[in-house]
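Number of protein chains: 2
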Amino acid sequence: MGHRAAIVGAGHSRFGVLPEGPRALLRTALDGAAASVDHGLDRARIGRGYLATLGFGGWQLGNSSALLAEELGVPGLATLRVENACASGGFALQEAVRAVASGAVDLVAVAGLEKMTDVSAARRRYWLGVSGDTEWERQAGLTFAGVYGLIASEYLAAHPEAAEALAAVAVKNHANGALNPNAHFRKPITREQARASPRVADPLGLYDCCPVSDGAAALLIASPEHARSFTDTPVYIDGVGAASDYLALQERPDRRGFAASRRAAAVAFQEAGVAPTEVGLAEVHDCFTIAELLALEDLGLCGRGEAAKLTLSGATERSGACPVNPDGGLKSKGHPIGASGVSQAYEVFLQLRGAAGPRQVRSARSAVTHNVGGAGATAAVAVYTAG
Amino acid sequence: MGHRAAIVGAGHSRFGVLPEGPRALLRTALDGAAASVDHGLDRARIGRGYLATLGFGGWQLGNSSALLAEELGVPGLATLRVENACASGGFALQEAVRAVASGAVDLVAVAGLEKMTDVSAARRRYWLGVSGDTEWERQAGLTFAGVYGLIASEYLAAHPEAAEALAAVAVKNHANGALNPNAHFRKPITREQARASPRVADPLGLYDCCPVSDGAAALLIASPEHARSFTDTPVYIDGVGAASDYLALQERPDRRGFAASRRAAAVAFQEAGVAPTEVGLAEVHDCFTIAELLALEDLGLCGRGEAAKLTLSGATERSGACPVNPDGGLKSKGHPIGASGVSQAYEVFLQLRGAAGPRQVRSARSAVTHNVGGAGATAAVAVYTAG
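Which chain is which? The protein sequence lines are L and G, in order.
Quick note: to get my numbering, add 269 to the position in the first sequence (first position is 1).
Quick note: to get my numbering, add 269 to the position in the second sequence (first position is 1).
Because the hints were derived from the structure by calculation, they are not lab data.
Computed from a prediction, not measured in an experiment: that's the story for all the values here.
If you want the footprint, here are the derived chain G segments under chain L, 3+ residues with CB under 8 Å:
| # | region |
| --- | --- |
| 1 | 335–344 |
| 2 | 348–354 |
| 3 | 367–377 |
| 4 | 510–518 |
Looking from chain G toward chain L, a few residues come up when the C-beta cut is under 10 Å (computed):
| # | residue |
| --- | --- |
| 5 | Leu-323 |
| 6 | Gln-329 |
| 7 | Asn-332 |
| 8 | Ala-361 |
| 9 | Tyr-395 |
| 10 | Val-399 |
| 11 | Gly-642 |
| 12 | Thr-647 |
Built from N, CA and C at the ideal position, the CB exists for glycine as well.
Build out the structure end to end from the sequences listed, making use of the hints.
The following block contains the structure:
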């Protein structure tokens, strides 16, 4: 169906509990993206910049996008902040795609950033909570682990065999993260460790939950016509889709999946002219292990209720037919909120160019990224092909 | 140079200290926009929604765009939040223009919203402060009134005659606001009152400052090809431009104007193929009276240093050659942060269709809107023509 836009550069900071402040993290990711452009980058060619961040902790709550121009070294650049909680990065990417597709600009910078670890635990709960439903969930004391625990309970009641698959997701993503030099956790675990981990929000244990991480990631997005002036091997974005849902779980008729993910995926795959089962690589939003199972079904990588079977078959491992989260996913790589959706596209950029080093998957020519805001209130999906 | 997009509907809540909560304000603006569509609106045609808000007070800090789908009555709609402080609305409008220009969607909803008056004065200072520079200004105790007071001092030192123009701006905008049923202040004032008002941040007095307001505004933006299926009299958006600047005043070589406004205006006017002096109506970001003077110069409506002369000539009054802020501006209409940029386009929609009632200006066929984030760290400009 044709290319909408192309990734021509990508950069990434470490993810984890880091000493660097938000500006330094942003600069690391942006400089990395600039340095990755094969034919060199004249930064003055960048026509617009998107910053994806929740502004966690309030280091600069409003107008923070202006810092993007400063750290990119392009004074005066048109910049704006896009925020959809944990899906901020995925939505910023879509705005960049539309900006180049509109013909208004030829090259756009997208950066995702979060500095989460320099606030107290109480303040951290607040900042995370305000991205869930305020009225019915946060003010009643429900945390995100609690929300996903409720979802997992309902899913396991229908599919008891999925309990083992949750452990398998944790083991797979920790194994992948161990090979990713930017990952927060680089420690393989066993299924026994996963199963025996302390409960956080039943049935979810510690190894079912992503960590609280600092980090940044950045992309350079060009129009398809200009892509090859930057690199001989762009990664094309062929379709994007997005959707929303009720913030509060109680409003939704179906809690064993995310309607927003399904709708976003349908739009993205249709725009790309690709079937979900054709993609050779998926980066999905595994903030909790249960979320990876939901994602496999919502994206159409398998049928409803079949995610446990697919996972336990090994198909989603790095050596499988459709590797899922070869970078370790949010679970092991870490989840600096605004950065996560951008980081997923970074991984696709490396993998489809065969540049992912020890964690490289075999021969993927297409990929999908899936980024969720909150517990499914917003979702952004993008479909890619190698250039 | 051709139309980029078209406004086919617009709605507005009252601005002021209001009893309604954020959801009710949003719904009022969205329902108003839907009802204003001449040929009727099938809301299912809306393909994307942008919410402009600082999320002031934290009523729903993250993922708030999901509420837009709910209040619009389009479940599952792709929605995202755009935030650039006081320029959030102007930037959201630009994203909507790019989305329809890209061909991805035919009809987009843009809403701006702020609920500012249900928090304490201390918390309000924090929420406003975090949109200015955090490191050098807020943490040193400088408020926005202080920042604009510094700018006004520097401007008046170079142009002492502008002191009288500041009072003239206040008088003009209060007179205009008195005719606007949605305005926060509907009380005409005299130059003597303006001059004698208590000092807030020298040389700025009370009547130089916009109020703290609740409110919402909404637009329906269609592709030019589809505009006439909604109305026989669309208002076209022919050019948009945006830019950023250093957050902190101390980093900028020139503080007698905003480089971001100048750059954004140059891009927007060039894209539209219109000269600044050709437009018959301007909505500019007059959060303080001095800001209106800077805007006249930065947009090119007059030369550098000539804003006082232009203002004192009466040219910017409702009956003048180029009326400025006929709705009362931020100064008198009010400034609910995320809503202000959207409200400017609402006014242009009414005025260019001859539907502004008692405050209607004479025979304007083109217009410009100018929305500033913080004290000039971001700026968005758009140029319009009547259909």
